[in-house]
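Chemist: My request is simple: use the sequences and hints to build the entire structure.
The listed protein sequences correspond, in order, to chains A and B. Position one of the first sequence corresponds to residue 0 (numbering that gives the first Met the number 0), numbered consecutively onward. Position one of the second sequence corresponds to residue 0 (numbering that gives the first Met the number 0), numbered consecutively onward.
Derived list of chain A stretches under chain B, where covered just means 3 residues or more per stretch with a C-beta under 8 Å from a C-beta of chain B:
id	segment
1	209 to 219
2	222 to 228
3	231 to 245
Everything labelled a hint here was simulated from the structure, so no lab data went into it. We treat Cβ as the ideally placed atom computed from N, Cα and C, and that holds for glycine.
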Amino acid sequence: MGVVRFFGQRLARLAVSLVAVSIITFGLLQLAPGNFADIQRVTSGATSIAGTGTESMLAETQARYGDDTPVVQQYLTFMKGVVTWDMGPSYRYAGRAVEDIIAAAFPVSATLAVLAVLLALLIAVPAGVFAAMRQNSKADHATMFGVTLGHALPNYLIAAFLILIFTAFLGWFPSSGWERPEHVFLPVVALALGPAAVLARYVRSSMLETLREEYVTAAMAKGGPYRTVVVRHALRNSLIPLVTVVGPLLAALMTGTVFVEALFRIPGLGYYAATAAASRDMPLLMGTVLFFALIIMVVNLLVDLTYGILDPRIRAEGGWTSSRLRKVSTQQV
Amino acid sequence: MTMTQAPSGSSSGTPGGPLLRVRDLHTEFRSEDGAALRAVDGVSFDVEPGRALAIVGESGSGKSVSMRSVLRLLPRTGRVTAGEVWFGGQDLLRLPERQMRRIRGRDIGMVFQNAMEAMNPTLTLERQLTEHLLWHGVCTKSEARERAVRALGDVGIPEPERRIRVYPFQLSGGMRQRAMIAMAIVTRPALLIADEPTTAVDVTIQRQILDLLAGLKDQGTGIIMVTHDLGVARYFCDDSVVMYAGRVVERAPTRELLSRPRHPYAAGLLGSSVELGSRDRPLHPIPGNPPDLASRPRGCPFHPRCDRAVLPRCQDEQELIQIGGARAVACWRAEDGHDDQ
Ligand SMILES: Nc1ncnc2c1ncn2[C@@H]1O[C@H](COP(=O)(O)OP(=O)(O)OP(=O)(O)O)[C@@H](O)[C@H]1O
Ligand SMILES: [Mg+2]
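Modeler: Structure, rendered in structure tokens:
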């Protein structure tokens, strides 16, 4: 019962939020100076307008949204397209429907994001646990220094270094493209290092806190080997709060890896969203923004679910709406 | 007639000898600014097999820290700086960690003071009651489960077969306390250290737990019972140790201690006890507060609160001195033999 109600509430909230996001985005686009035709004219020079197909595009748009239709009517038309998964053609990418672009680009970004988060966790969890188990030792300080370094560099700089080393000097990996498996390596590493640093610090402090818990001492008092106690009694409990960090991180990577996607020429969502914004491609921009919002909300929902699965206290008897959980989800909104 | 306490260092484990022999235990905590806080300051006591020792004293007197020192389970900031802990012919303080681990949980069981915090919230009782049986290779997994169910039944938890599958937070406070006890006794340790095992439970359950522990005692288990409750000590413990500010101030058979306390602090503790006070005699709380560990008074730590203190003699160190058979008191005035209770 608790779970059903919990889901009902969350889904309703999700729908309302999406409508709000769409109105705000649409409103801002109306206020933004310039439209697609203007931008095209400026960037490609007045002479070539005819050649770019802009005119025909404008005609197509007018057919869809009407010539002098009021803004509200345009909005409703667009939203109808969203609901029916038929958002019409993009301005910038002539001849391609917005939903097709999203459908093609999302798996790319999602793959990138999931792999990057997995790699980040693979680095962060052992590093954080290692540092926590040797708190204030040289090993701890060294690990945390390395981690801070990873955090200090923005991912596009890391990407540039990686290309320099692995492509230019060593020639091990291609620097751009997204067709073969080896294309995945460099961008994933570039995306993972920063989050790995954040997560490692998080794991360390969470672990230190858990290691001070009385039940860890009690497990030691039963004769548990230190490592076993750390893994069985402390690790799980200190990783539970990590879920609340990993979720938003995953959402962020799925939606906003513009620099890295551009640098490695990866046809991901971030790349399309960025070009859509720059060229005032209203349908594509609206489509991607709404899609991002959807992803973030769905991920948050999943985070709450995972939390319930990992922590029996929340799972118990309708506890999915417990105060602890509510606290967690409001932190992310 | 008067002599200083028994010489230290002789090993236990000889037939008839004590099960646990703690000598001159010192434990310090280092604070952020590097100052050392002496939480345990020269504690000695013996535990005989088949007998129960009560450790009583106000909050902060170092009871729990002493118990953790015995098992070498202090937080990072804490350290045993001196002393000996003889168990099974070995000084536990000098044992390699690997061997120490085999003793913890198997030969010495520990019941923690706060069962709410001492049980892992995300593991079922089954996991927490069987894991040490498996760590120590006591039995197979299915036998471990049977033993755990039996232990839960022994401590008076109804429907142990069902309860073993639940998480600690699904139990009431009293049940959780009992599950904690089951966790400690499931391995049948030779020595059981119980830090306030009956504080969180109601009187009938308390009685049930004490009877269970009495059964273990009859089978030869040595028990240390840390308690605030002198009634529990009287009901259950053969011997008692009274601690004050990290020191033992009096050590005696419980019956003798309760009928004629010799140390002024022990007398004060008795006089302020709700459990033992008779209705026609008013309670006399001890005035003042226990000393701050950082600014411990010179000599007897109790003298600033003591109505029998005589300066400057009470500012000298007070050795624990033997009075009669099994009693020892750390107060020079105890020799006067006055009993004005
Ligand atoms: N981790 C710690 N760091 C610093 N000081 C500590 C620590 N643990 C205990 N102490 C100090 O050691 C002293 C003894 O504490 P202990 O827990 O042994 O008291 P206790 O006799 O068990 O009291 P209670 O009856 O309240 O359980 C206290 O003054 C306490 O402040
Ligand atoms: Mg205590």
